[in-house]
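Asker: Spelled out from the first residue to the last, the chains are:
Number of protein chains: 2
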Amino acid sequence: MAEKAKITVVGIGPGSLFDMTPRAREAIEHAEVVAGYTTYIRLIEPLLAGKEVIGTGMMQEIDRCRMAVEHAAAGKETVVVSSGDAGVYGMTGLVLELILQREKAERPIFGGTVAGVSAVNAAASVLGAPLMHDFAVISLSDLLTPWDLIKRRAEMAAAGDFVVALYNPKSKKRVHHIEEIREIMLKYRSPETPVGIVTAASRVEEHKVISTLADFTKEEINMFSLVIIGNSQTYVKEGWMLTPRGYGRKEAGL
Amino acid sequence: MAEKAKITVVGIGPGSLFDMTPRAREAIEHAEVVAGYTTYIRLIEPLLAGKEVIGTGMMQEIDRCRMAVEHAAAGKETVVVSSGDAGVYGMTGLVLELILQREKAERPIFGGTVAGVSAVNAAASVLGAPLMHDFAVISLSDLLTPWDLIKRRAEMAAAGDFVVALYNPKSKKRVHHIEEIREIMLKYRSPETPVGIVTAASRVEEHKVISTLADFTKEEINMFSLVIIGNSQTYVKEGWMLTPRGYGRKEAGL
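If you read the protein sequences in the order shown, they are chains A and B. Following this note's numbering, the numbering of the first sequence begins with 1 at its first residue and continues without gaps. Following this note's numbering, the numbering of the second sequence begins with 255 at its first residue and continues without gaps.
Okay, chain A solo, but in the shape it has when bound (with noise of 0.2 Å):
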């Protein structure tokens, strides 16, 4: 058996290879064989030349990510690409959950996960600073997780008054989750909490839009976009949406 080689997660970042870290591009440079999501591949073309690609639909990732494992196994450093930071909602879990379950002598060594620029604060950072204060991530996709504790989620979320910012917030199949999410949060937050959608952050086709609780869910949302509700506190001024870091700060003017 040939010697066992390494295999990291590496999170790619929003999108522009302007925002990767050099950790992220080195891993990738350094890697015989790169596993990732088509979109996500298609983002690092340039970095591809001669190495072997595993490319597949979202639909195989689990298979996708087996095959990069025995990769590694095999002798062959390998890499997986995650979008954002491989370590939310991304590939880190699934590759050393398949490591793990492995014998001791067939496994690969993992070479743990290289942390990128998460969706969440590039989002932030086109919105202006939603996240000044403490908030929640939750995503809206039911399909590993039960409806009924995401919504328990976004009520909790509401009731501690965190700022919430929403992962998978619609597809194609899944149209009413967020009008479900905003109803819940209407019971705890004023019609006019600013809320945030920010699509394709950092890409060429970014686009950004501010709105309110009340209407948000009227805006273009695909699965692409991040949403964030404000807290209590967030205002928009001049087009920028802002969370002041103290409560009571807001009148203080600072």
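It is worth saying that the hints were derived from the structure and are not from the lab. As the structure is a computational prediction, the values presented were derived from the model and not from experiment. A portion of the hints provided could be inaccurate.
[Stated by the list, open to error] With a straight-line cut-off of 30 Å between C-alpha atoms, the simulated DSS-like cross-links for lysine-lysine are: (1) B:K330 x A:K237; (2) B:K462 x B:K424; (3) A:K208 x B:K260; (4) A:K6 x A:K51; (5) B:K258 x A:K208; (6) B:K427 x B:K441; (7) B:K441 x A:K151; (8) B:K405 x A:K187; (9) A:K237 x B:K258; (10) A:K6 x B:K462; (11) A:K172 x A:K151; (12) A:K151 x B:K405; (13) A:K4 x B:K491; (14) A:K173 x A:K208.
Place chain B on chain A using the hints.
Answerer: Structure of chain B alone, referenced to chain A:
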């Protein structure tokens, strides 16, 4: 009056230049004035030759940011640096507020935020894969936030089964807060719940411990630590902390 220049807030990432994006690096290299807390200024020292540096202690951060805004208004290209992502408990909000307070004619150009790798993502990457599911980020600093609100947030996050990341978990003056948070979490979660503590992630002195909700406050925790408390599904295997992406997948092995 001189032509106005731009002020940009730059997230430098967790510490190493190797974890700073090219966009952040370029913004710093391009600036004439760099403002930031002394510890962060030291981390980017190699980039500062020939620049005017505004670096004072943490307590004067409002003055420091105000000086930076004034330099930019007076025509000097300026960046304010913040560790991790400048958009999370960082300097973006303060800089934006200070700009918007000024008369329109007196304002520098706001260059926005360059998003960086956030401390929570860096810490997660060291621990394994703790953030594969919904999470809440809470700062335990009660300098600008009432302690009762912080406790309420911890309670809501616990009740919602969020993974919980704690910023500013402990300082020399503030040693009991973390114990109170532990008590709150124990009302909702097993004493065996994994808790990861990462201190100085991605710096030479990086240090990690994986403990349990029952015992973690016995470990060394300081102002450079980030604490991540698992949800009901989080487990530890061979030194890695893992939160499965799907509910009920823990037993299924995926």
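Asker: All hints, please: hold or fail.
Answerer: Results of checking the hints against the structure:
Straight-line distance between C-alpha atoms of K330 of chain B and K237 of chain A comes to about 25 Å, which keeps the hinted pair within the 30 Å bound. With a C-alpha separation of about 16 Å, the suggested pairing of K462 of chain B with K424 of chain B holds against the 30 Å cut-off. Of the supplied pair hints, the one linking K208 of chain A and K260 of chain B holds, its CA atoms being roughly 22 Å apart against a limit of 30 Å. For the given pair, K6 of chain A sits about 15 Å from K51 of chain A by alpha-carbon distance, which is consistent with the 30 Å threshold.
A hinted pair counts as satisfied when its Cα atoms are at most 30 Å apart, and K258 of chain B with K208 of chain A qualifies at roughly 26 Å. Between the alpha carbons of K427 of chain B and K441 of chain B the distance comes to roughly 26 Å, so the proposed pair stays at or under 30 Å and holds. For the proposed pair K441 of chain B and K151 of chain A, the alpha carbon gap of about 21 Å is at most 30 Å, so the pair holds. About 21 Å separates the Cα atoms of K405 of chain B and K187 of chain A, which keeps this hinted pair within 30 Å; it holds.
Among the hinted pairs, K237 of chain A with K258 of chain B is consistent with the structure: their alpha-carbon atoms are about 21 Å apart, no more than 30 Å. Straight-line distance between C-alpha atoms of K6 of chain A and K462 of chain B comes to about 22 Å, which keeps the hinted pair within the 30 Å bound. As the CA atoms of K172 of chain A and K151 of chain A are separated by approximately 20 Å, the hinted pair is consistent with the 30 Å bound. Restraint check for K151 of chain A and K405 of chain B: the C-alpha separation of about 22 Å stays at or below 30 Å, so the hint holds.
At roughly 21 Å between alpha-carbon atoms, K4 of chain A and K491 of chain B fall within 30 Å of each other, so this suggested pair holds. For the proposed pair K173 of chain A and K208 of chain A, the alpha carbon gap of about 23 Å is at most 30 Å, so the pair holds.
Checked against the numbered hints given earlier, this structure breaks none of them.
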